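Asker: Each chain, written out:
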Amino acid sequence: MNDSLLSSWVEWTPALLDGLWTSLQLTGGSLAIGIPGGLLLALLMSGRSRVVKAVAIVLVEIGRGMPALVVLQLVYFGLPSAGLTFGPFLAATAALALTTAAYTSEILRAGLQAVPAGEVEAAAALGMSHRDSLRYVVIPQGVRVAIPALLGFSIQIFQATSLTFTIAVPELLGQAYSIGAATFRYLDVLVLAGLVYLAVVLPAGSITRLLERRMGRHL
Amino acid sequence: MSHLHAVLLGVPWTLAVMLAALAIGAVLAVPLAAARRSRVAPLRWAARLAIDVLRGIPPIVWLFIIFFGLGDKVLRLGPFQAAVLGLGLISAGYLAEIYRGGLTAVHKGQWEAASALGMGRADAMTRVIGPQAFRVALPGATTYAIGLLKDSSVVSTIGVTDIMARASQDARSTSSGLTPFLLAALVYIVLSGPLAWLSRTMDAKLRARVAR
Amino acid sequence: MTLTTGTSVVSLRGIRKEFGDHVAVRDVSLEVPAGEVVAIIGPSGSGKSTLLRCINLLERPEAGRIEVLGQAVEPQGGVSAAELAKLRRGVGMVFQSFNLFPHLTVLRNISLPQERVLGRSRKEADARSLQLLERVGLADKGASYPSRCSGGQQQRVAIARALALDPQVMLFDEPTSALDPELGLEVLAVMRELAADGMTMVVVTHEIQFAADVADRVVVMADGAIIEQGPPSVVLTAPTVERTKKFLRAVMDR
Ligand SMILES: Nc1ncnc2c1ncn2[C@@H]1O[C@H](COP(=O)(O)OP(=O)(O)OP(=O)(O)O)[C@@H](O)[C@H]1O
Ligand SMILES: [Mg+2]
Numbered sequence: 001m002n003d004s005l006l007s008s009w010v011e012w013t014p015a016l017l018d019g020l021w022t023s024l025q026l027t028g029g030s031l032a033i034g035i036p037g038g039l040l041l042a043l044l045m046s047g048r049s050r051v052v053k054a055v056a057i058v059l060v061e062i063g064r065g066m067p068a069l070v071v072l073q074l075v076y077f078g079l080p081s082a083g084l085t086f087g088p089f090l091a092a093t094a095a096l097a098l099t100t101a102a103y104t105s106e107i108l109r110a111g112l113q114a115v116p117a118g119e120v121e122a123a124a125a126l127g128m129s130h131r132d133s134l135r136y137v138v139i140p141q142g143v144r145v146a147i148p149a150l151l152g153f154s155i156q157i158f159q160a161t162s163l164t165f166t167i168a169v170p171e172l173l174g175q176a177y178s179i180g181a182a183t184f185r186y187l188d189v190l191v192l193a194g195l196v197y198l199a200v201v202l203p204a205g206s207i208t209r210l211l212e213r214r215m216g217r218h219l
Numbered sequence: 220m221s222h223l224h225a226v227l228l229g230v231p232w233t234l235a236v237m238l239a240a241l242a243i244g245a246v247l248a249v250p251l252a253a254a255r256r257s258r259v260a261p262l263r264w265a266a267r268l269a270i271d272v273l274r275g276i277p278p279i280v281w282l283f284i285i286f287f288g289l290g291d292k293v294l295r296l297g298p299f300q301a302a303v304l305g306l307g308l309i310s311a312g313y314l315a316e317i318y319r320g321g322l323t324a325v326h327k328g329q330w331e332a333a334s335a336l337g338m339g340r341a342d343a344m345t346r347v348i349g350p351q352a353f354r355v356a357l358p359g360a361t362t363y364a365i366g367l368l369k370d371s372s373v374v375s376t377i378g379v380t381d382i383m384a385r386a387s388q389d390a391r392s393t394s395s396g397l398t399p400f401l402l403a404a405l406v407y408i409v410l411s412g413p414l415a416w417l418s419r420t421m422d423a424k425l426r427a428r429v430a431r
Numbered sequence: 432m433t434l435t436t437g438t439s440v441v442s443l444r445g446i447r448k449e450f451g452d453h454v455a456v457r458d459v460s461l462e463v464p465a466g467e468v469v470a471i472i473g474p475s476g477s478g479k480s481t482l483l484r485c486i487n488l489l490e491r492p493e494a495g496r497i498e499v500l501g502q503a504v505e506p507q508g509g510v511s512a513a514e515l516a517k518l519r520r521g522v523g524m525v526f527q528s529f530n531l532f533p534h535l536t537v538l539r540n541i542s543l544p545q546e547r548v549l550g551r552s553r554k555e556a557d558a559r560s561l562q563l564l565e566r567v568g569l570a571d572k573g574a575s576y577p578s579r580c581s582g583g584q585q586q587r588v589a590i591a592r593a594l595a596l597d598p599q600v601m602l603f604d605e606p607t608s609a610l611d612p613e614l615g616l617e618v619l620a621v622m623r624e625l626a627a628d629g630m631t632m633v634v635v636t637h638e639i640q641f642a643a644d645v646a647d648r649v650v651v652m653a654d655g656a657i658i659e660q661g662p663p664s665v666v667l668t669a670p671t672v673e674r675t676k677k678f679l680r681a682v683m684d685r
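Protein chains in written order, with our numbering: chain A, 1 to 219; chain B, 220 to 431; chain C, 432 to 685.
Simulated from the structure, these hints should not be mistaken for lab results.
Note that the structure is predicted; figures quoted are calculated from it, not measured.
For every residue, glycine included, the Cβ atom is placed at its ideal position computed from N, Cα and C.
Treat the hints with caution; some may be incorrect.
What the hints assert, rightly or not - Only part of the chain B face toward chain A is listed, based on derived beta-carbon distances under 7 angstroms:
id	residue
1	234
2	276
3	390
4	393
5	397
Stated by the list, open to error - Just so you have them, the derived chain B footprint on chain A, three or more residues with Cβ under 8 angstroms:
id	segment
6	39-46
7	104-118
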């Protein structure tokens with residue numbers, strides 16, 4: 001590692017951090033929209049109506065079966081022909097939120113199912129409505145159980161934000177690529193970008209595992 | 220119909236990238252998993268670091284590092300070769316952890332029983348532990364393979380003419396936005412169907428054999 | 432038993448409940464007048480829990496008529512959510528496994544249903560909860576989480592939670608089976624007090640002594656049917672049905 005590489009890295013860091021900030025915003029936006037969507041799908045999947053259940057399962061399977069990149073391109077390049085045009089950031093958020101909803105629905109469904117049937121029965125015996133039982137008994141506990149897995153998934157979505165480079169979102173990879181194009185030093189700047197990804201992903205992974213163990217102890 | 224034809228042209232490339240990467244990953248994951256369980260601490264740490272780095276950097280970033288970065292000066296590779304190398308390395312990282320899970324799941328008593336019978340470490344591994352670990356690791360590995368089928372769509376970004384690339388080409392050249400992408404999605408879903416089926420039947424077969 | 436429906440708090444007529452092709456309860460009728468304590472005993476799998484759970488429609492019987500607090504429901508037809516809520520409001524239930532809500536404090540466990548079901552304000556609900564906690568001897572436990580309470584304490588909280596909705600009848604399904612004997616005693620003590628205060632109770636139990644002391648009537652079930660019933664002094668000491676004798680011998684031996 002020589003001085004010129006280090007000084008270049010220092011020089012590029014602000015631009016990459018700008019990109020990282022965009023990546024994190026994308027991650028946050030997708031999760032903020034996608035996880036409630038996932039919860040809704042999970043509730044529909046564990047609901048009582050067969051038709052609703054079947055429709056929800058099909059939606060989730062389609063959502064999980066489609067590569068995130070396809071969803072992204074579909075939303076950004078495909079939907080305008082159906083009269084729906086989004087800017088890159090909005091399209092990226094919408095696409096990743098869809099993927100998030102499909103995946104987290106399975107995670108949340110497992111969480112909801114982990115709530116003991118006896119408690120749901122107790123709520124019913126107390127005269128609480130089905131809605132109240134979901135709202136006050138099942139959802140708070142189910143979501144809590146799902147938190148480690150949701151965190152794990154959030155890390156994956158953060159990594160997936162790199163795909164939005166393909167629709168010109170100026171996130172971390174996009175910034176690195178622009179610098180590469182300007183300086184012709186692709187390797188140097190892409191490695192730095194890789195390190196920035198690692199700097200987020202690895203600590204987040206450790207925190208997730210820690211939480212997993214903690215919660216495992218308490219339940 | 221011509222849209223479907225255009226997208227289908229990418230299928231061989233998608234499958235080729237995925238299968239080649241899977242093959243590379245399956246082989247490289249063996250030493251990686253072994254090192255991860257080694258009795259030599261530095262070897263363990265090195266393996267751990269390698270796995271973390273392979274899995275921590277997003278696939279598209281790996282492909283760019285290999286194709287645009289290394290390809291720039293060190294190692295001239297075509298898009299397909301770069302794609303296979305990149306996804307192969309990443310797969311090695313994921314599969315190593317899946318193998319390790321399989322090895323960990325095999326009861327300690329099995330090692331002890333094997334050595335009590337006078338089997339060497341290598342013998343015990345290939346005849347006793349390996350087959351059982353394989354059985355445990357298989358569902359995880361197939362799930363990974365299905366994921367890889369979808370993740371392989373990133374190779375379109377470095378110019379491999381896979382399903383994804385064909386779909387965007389078609390969308391651009393015919394300016395009929397939605398259809399090619401929907402067809403691409405459909406093709407990916409259809410392709411992962413047989414894989415899921417294969418995993419279920421293999422799982423059932425192995426289960427039956429173990430039970431007998 | 433010659434009781435008219437009018438005076439009964441719970442009236443079951445010809446209740447039949449099937450699980451697949453297994454008949455768990457076959458044509459059982461039971462009248463429980465106000466203030467009576469009925470103990471249901473019988474071998475495992477005889478349908479005691481199932482019958483009890485039919486009373487508040489946790490199980491929907493295939494045939495029969497249920498009347499609770501003068502409200503008749505035809506469980507085979509549709510039961511509206513409003514009807515169900517009304518019925519369950521008047522019927523408290525205590526389970527073998529307590530089923531407290533582990534993510535809520537003891538106080539919240541008791542107050543939440545009052546707020547949601549009876550529309551009480553938080554303040555009213557909490558005041559009532561504290562009153563009941565005192566009654567079951569747990570005045571200092573309000574802020575604790577269920578996991579910090581012993582099994583006996585949890586079951587007493589569960590009783591308080593049911594009582595907080597001011598039910599007219601309380602159903603108990605083996606409330607002490609999951610507890611060590613000493614902890615069971617604290618629960619039984621609360622139940623004795625409740626009976627002494629005139630609460631109408633239906634108790635599925637293996638505690639023959641409790642049935643002997645507290646119950647006004649003992650109902651013996653076997654194979655989904657009532658095979659014998661009467662005052663404990665008769666049923667528990669001089670049963671006439673062979674199955675009852677056999678069952679009681681088995682329980683005493685244990
Ligand atoms: N949800 C269910 N699904 C299928 N079978 C059931 C169900 N609940 C009860 N049964 C069956 O119905 C029969 C009566 O069960 P029930 O729980 O009422 O017996 P019990 O008298 O309460 O027994 P125990 O003393 O063991 O609690 C049993 O054979 C049981 O296996
Ligand atoms: Mg029972």
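Asker: Let me make sure I understand: some of the numbered hints might not hold for this structure. Which ones are they, in numerical order?
Answerer: 1, 4, 6, 7
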